[in-house]
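Okay, here's what each chain looks like letter by letter:
Number of protein chains: 2
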Amino acid sequence: MSNQLSACCSPLAREPLTEPQAVELSRLFKALADPVRLRLLSLIASHTGGEACVCDLTDAFDLTGPTISHHLKVLRESGLITGERRGTWVYYRVHPEVLARLSAVLVPGDAVVTS
Amino acid sequence: MSNQLSACCSPLAREPLTEPQAVELSRLFKALADPVRLRLLSLIASHTGGEACVCDLTDAFDLTGPTISHHLKVLRESGLITGERRGTWVYYRVHPEVLARLSAVLVPGDAVVTS
DNA sequence: TCCTTGGATAGATGTTCGTCAAAGCAGCAG
DNA sequence: CTGCTGCTTTGACGAACATCTATCCAAGGA
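First to last, the sequence lines map onto chains A and B.
Oh and the first sequence: position 13 is 13 in our numbering, straight run, nothing missing.
Positions in the second sequence are counted from 1; adding 1000 to them yields our numbering.
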């Protein structure tokens, strides 16, 4: 819970991040700082229809169900994805705006150099 | 050490990441997954001339010198920044290509949806 | 030469994180 | 209701991490 994300949007290199902005952003990057979660995110994002069922995801790894579930929870709580139960299965999809915002933050400043 | 980064450039949402790609990327995101390191990176990137001296950086935090030095090392080893000693002081600057690559990876796919 | 200052390294410690096995809960089919 | 399957939660444990103090190296000024 707790994802306003309202504040920050200007690139890292534009002006120094405030401490609250940095804390906010670090929470998102922390969610991405694991190979399994990156692949999960990628699998979901690239899946047909923009959503994927947990059963598909679990098969792609040599990990137990609970572990996958744990990583999905981290991604969910960071606001990168949402899960919805439809009947027997649970489907996840990404929040593109959050990805876009992170992407924008990392864009290198263009005011650069000359030196 | 060890930063080819050659492989991956297509967005997360375009096609599923391979495991090696995910490992590679997760190392970079791990370096960004800390508020102090994000602010350090931002301070360096946004600094006049594109580089900043460690002495400037240390003053911006309530942390000891060794701790800042440790975080700079993490950023350095991940390939996000480089440090150069010139006389008494050490200056750091960012590697814009690496930031650009990360930014590109996070761009949400446009092949999305319809449903 | 010695001393001071900027910065990095080494070692120690408390915390966070990734993983699993076991148990729990939600839907669906007899 | 009973049992089965899909997914999540809980609790535990080892590895990785952020921080500190103490020590060390490098450059410059007396």
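A portion of the hints provided could be inaccurate.
[As the list claims (entries may be wrong)] Here are the simulated DSS-like cross-link-like pairs (lysine-lysine), alpha carbons at most 27 Å apart as the crow flies:
#1 Lys73(A) / Lys30(A)
#2 Lys1073(B) / Lys1030(B)
#3 Lys73(A) / Lys1073(B)
#4 Lys30(A) / Lys1073(B)
#5 Lys1030(B) / Lys73(A)
Read the hints as simulated data drawn from the structure, not as lab findings.
What you are looking at is a predicted structure, and each value in this text was computed from that prediction instead of being measured.
Of all the hints given earlier, name the ones this structure violates by number, lowest first. Hint check: 3 fails alone, others pass.
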